[in-house]
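Dock chain B against chain A, hints included.
Residue numbers (the working numbering), protein chains in the order written: chain A, 1 to 239; chain B, 1 to 249.
It should be emphasised that the hints constitute simulated quantities derived from the structure, not laboratory data.
Take these hints with a grain of salt, some might be off.
[Unchecked claim] Here are the computed lysine-lysine pairs in the BS3-like style, where the Cα-Cα straight-line distance is at most 27 Å:
1) A/Lys212 to B/Lys141
2) B/Lys59 to B/Lys78
3) B/Lys141 to A/Lys236
[Unchecked claim] Here are the simulated distance ranges between beta carbons:
4) B/Glu88 to A/Pro54: 50 to 58 Å
5) B/Ala75 to A/Gln70: 33 to 41 Å
6) B/Pro138 to A/Asp124: 44 to 52 Å
7) A/Arg177 to B/Ile198: 37 to 45 Å
8) B/Val85 to A/His142: 49 to 57 Å
9) A/Pro54 to B/Gly93: 48 to 56 Å
10) B/Pro206 to A/Gly56: 55 to 63 Å
We put the beta carbon where it would ideally sit given N, CA and C, even for glycine.
So you can see what is in the structure, the chains are spelled out below.
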Amino acid sequence: MRFIIRARQRNSRVLFASLFAAAIGHAADLRGVWMAENHADASLERAHVIVDPPDGKIPYRPEARAIQKQNFANRATADPETRCFQPGVPRAVYVASPFQIFQNDHGAYIVYQDVHAYRIIYLDRSKHNEGLGYAMGDSRGHWEGNALVADVTSFSDTTWLDAAGDYHSDQLHVTERYTRSNPDTLTYEATIEDPMVFTRPWKIRMPLRLQKGVQILEDECEEGENGRRHRIPLFKQTP
Amino acid sequence: MRLSLFLISLAAFGQSTRFEPPRQADGHPDLQGIWRNSAIVAAFNIEGQEAFYNEPGGKSVIVDPPDGKLPYLPAALKQANDNHVHRERDPTGHCHTHGVPRLLVPPFPIEIVEDSHDVVLLSETEHSLRIIPLDGPPHLKNYRSWNGDSRGLWEGDTLVVDVNGFNGRTWLDQSGNIVDENEHVVERYTMTAPDTIIYEARVEDPTVYSLPWTLRIPLRRQPAGTELIEYDCVEGERSEIHYPGTPKK
Numbered sequence: 001m002r003f004i005i006r007a008r009q010r011n012s013r014v015l016f017a018s019l020f021a022a023a024i025g026h027a028a029d030l031r032g033v034w035m036a037e038n039h040a041d042a043s044l045e046r047a048h049v050i051v052d053p054p055d056g057k058i059p060y061r062p063e064a065r066a067i068q069k070q071n072f073a074n075r076a077t078a079d080p081e082t083r084c085f086q087p088g089v090p091r092a093v094y095v096a097s098p099f100q101i102f103q104n105d106h107g108a109y110i111v112y113q114d115v116h117a118y119r120i121i122y123l124d125r126s127k128h129n130e131g132l133g134y135a136m137g138d139s140r141g142h143w144e145g146n147a148l149v150a151d152v153t154s155f156s157d158t159t160w161l162d163a164a165g166d167y168h169s170d171q172l173h174v175t176e177r178y179t180r181s182n183p184d185t186l187t188y189e190a191t192i193e194d195p196m197v198f199t200r201p202w203k204i205r206m207p208l209r210l211q212k213g214v215q216i217l218e219d220e221c222e223e224g225e226n227g228r229r230h231r232i233p234l235f236k237q238t239p
Numbered sequence: 001m002r003l004s005l006f007l008i009s010l011a012a013f014g015q016s017t018r019f020e021p022p023r024q025a026d027g028h029p030d031l032q033g034i035w036r037n038s039a040i041v042a043a044f045n046i047e048g049q050e051a052f053y054n055e056p057g058g059k060s061v062i063v064d065p066p067d068g069k070l071p072y073l074p075a076a077l078k079q080a081n082d083n084h085v086h087r088e089r090d091p092t093g094h095c096h097t098h099g100v101p102r103l104l105v106p107p108f109p110i111e112i113v114e115d116s117h118d119v120v121l122l123s124e125t126e127h128s129l130r131i132i133p134l135d136g137p138p139h140l141k142n143y144r145s146w147n148g149d150s151r152g153l154w155e156g157d158t159l160v161v162d163v164n165g166f167n168g169r170t171w172l173d174q175s176g177n178i179v180d181e182n183e184h185v186v187e188r189y190t191m192t193a194p195d196t197i198i199y200e201a202r203v204e205d206p207t208v209y210s211l212p213w214t215l216r217i218p219l220r221r222q223p224a225g226t227e228l229i230e231y232d233c234v235e236g237e238r239s240e241i242h243y244p245g246t247p248k249k
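Bound conformation, chain A alone (with noise of 0.2 Å):
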């Protein structure tokens, strides 16, 4: 009877879904809440989320290897998360805190708890902006069946991948793919191009779980007087 019940449920929120999209003409309905319950914001080699190549290691050219082992080295302070700029992309999408997507005709909109960042993947088939240098970069989107597909380009260089000194130069390029797999997994892959640092595309893949009555909070933060970045509280103690 429980099983029934549940079985109802799902069947409902799927149609729900479904409905929703035959509405603003969309292939899926990705809205909610979501969050990457994994490591892969510490490493995404020891998380076990690059799905290529084979054997789950970057493939870093010799010269750049060289660079994210310092980074690994300094990354207490030299890590830019830890100074609360932007994540970038795509680690924004597994940061440890949740991020919510909204959509409408013109695009998907994913607001990200981390730093308040956000961003906009505009479906109307429009260019993008070149070479401005972006923390997020600039999302074009469209829909290929199910999957929300996502070309980002025009990154700075100031952001990292992870927590592990895993890192980009301003000639990244990201293509994401978001597939609803089930009312509560959302897919998420990423392939990650960047000559100046990778020998070849690579691309890593893992699950999104819908947080069921989540709010996204404000993430705001601020300079220390020794210097150091820390977040500012949001909750007043009570008595």
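Coordinates of chain B only, in the frame set by chain A:
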């Protein structure tokens, strides 16, 4: 003369009630699009000011009280006057997010995204944003933030948003006008023409003001093809070397 004025105002009134906004599938007005405050003076001083240096002049956007002045309590007025000579303290000058109602007043575009569950305001400047749940649970408790905790509902064709949970660190404009953590705002968003949203914010803060007051600004729809672009500014910075994009030495 008096009669013709009366007729004109009657006609204007008739027009505003006849305006039929575009609607979402659920029947509520569709406020989506890219908008910008067209009373630019409000970004500089909501009480209005004479033009000087590179700042525009204009009238107060405060419609209540009718004199257009903020009804400060004496200690708060002293603080606002002190801020006015120390405008380097302006939190947005340190890239902090704006607070409410200031998020709506900069001369930068804001994109509104809306469905049956939420209205989202994405501001280009400081990448400030607010998510306004329309069917959310009650306000968060003991929440102290820059942009507050928003809960919205539709009253007829007007979006009404109740905002509290402020940390009291935000300014209202560049001239140093203030609120504290007892701020409570009720906003009203009404589309009055295809390209116009009238935005009203009633602000009460009994430890700063002797009375609630209301500001009103017109938001103008931006031309088709306008897009928000990234505004990368790292909040709370005190030293320039830490800004992204600062040349490495």
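Hint numbers not upheld by this structure, sorted from lowest to highest: Violated hints (numbers, rising): 5, 6; every other hint is consistent with the structure.
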